[in-house]
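Visitor: Sequence:
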Amino acid sequence: MYSVELRGATKRYPGAGAEPVVALDDVDFAVEPGEFVAVVGPSGSGKSTLLNVLGLLDDPTDGWRLLDGTDVTELTVGERTAARKESIGFVFQDFHLLPTLTAVENVALPTAFDPGDASDRAADLLGRFGLGDRLDHEPSELSGGQKQRVAIARSLINEPAVLLADEPTGNLDTETGESILAEFERVKEEGVAVVAVTHDPLVEEYADRVVELTDGVLEGGIPGRDPPAEGPSDRDADAALRPGER
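Note that my numbering has the sequence shown beginning at 16, numbered continuously upward.
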């Protein structure tokens, strides 16, 4: 069973003219537990949209989305928020740390645990990432690499099944970027599925699988499956089936 999966996912936005903008075009994509996948492609190719749809921040216009084998395509806003909090962690290029909170407070912020337990777990995670002596430091007192480690610790506070990263090394030098990617390797060894959208070749070196998104089209998005060689009629018929019917 995949940790997160899209089947025939299309995302359209209203365009300036009569034609809508197609950000994702009939995308099949899946990530296994403990797998690190890098998604590459030019700017404007749909990478951020893919991450938002995977992370339950946006809904596909068509197609299906599954989380741990459960169809979560048509959840209510409240159900989607609960599923995201329970199962998905996010790491952003700009860290998204609150400047007036300490490192341990930032990590504990999205927790589903009781406040006391949350603080203990946050401290444990920061210690694991080599920041045990920075618990009470605010973001302004941390380096870029330390901020990103805090962000990764925060993404893991609720023990997610999936970790989604948007340009995780984009603001870091090579040495610091390598240390962050080493943390991702540790995370995936614990069975967490990691998806990183990136322009950084270094991320590709650490990934188990690299897929390319171009103009909303993704090839080779399913592990072990070659890009399909099928005609339009076959593809349309296949897209009409729900994942469990294929």
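Think of the hints as simulated: they come from the structure by calculation, not from any bench. Check before you lean on any hint, since a few could be wrong.
Restraint ranges, calculated between C-beta atoms of paired labels, are given here [to be verified]:
{"#": "1", "residue 1": "Ala31", "residue 2": "Arg201", "range": "39 to 49 Å"}
{"#": "2", "residue 1": "Gly239", "residue 2": "Glu190", "range": "27 to 37 Å"}
{"#": "3", "residue 1": "Gly131", "residue 2": "Pro57", "range": "39 to 49 Å"}
{"#": "4", "residue 1": "Gly206", "residue 2": "Glu94", "range": "23 to 33 Å"}
{"#": "5", "residue 1": "Asp135", "residue 2": "Ala31", "range": "47 to 57 Å"}
{"#": "6", "residue 1": "Gly131", "residue 2": "Glu190", "range": "29 to 39 Å"}
Note that CB positions come from ideal geometry on N, CA and C, so glycine has one too.
Visitor: Hint by hint, note whether the structure agrees.
Guide: Each hint tested on the structure:
Evaluation of the 39 to 49 Å hint for Ala31 and Arg201 yields a pass: the beta carbon distance comes to about 45 Å. Between Gly239 and Glu190 the Cβ separation comes to about 34 Å, which falls inside the hinted range of 27 to 37 Å. In this structure the supplied range 39 to 49 Å holds for Gly131 paired with Pro57, their Cβ-Cβ distance being about 47 Å. Against the hinted window of 23 to 33 Å, the Cβ-Cβ separation of Gly206 and Glu94 comes to about 24 Å, which satisfies the hint.
One distance hint, 47 to 57 Å for the beta-carbon pair Asp135 and Ala31, holds here, with the actual separation near 52 Å. Between Gly131 and Glu190 the beta carbons are some 37 Å apart, a value that agrees with the proposed interval 29 to 39 Å.
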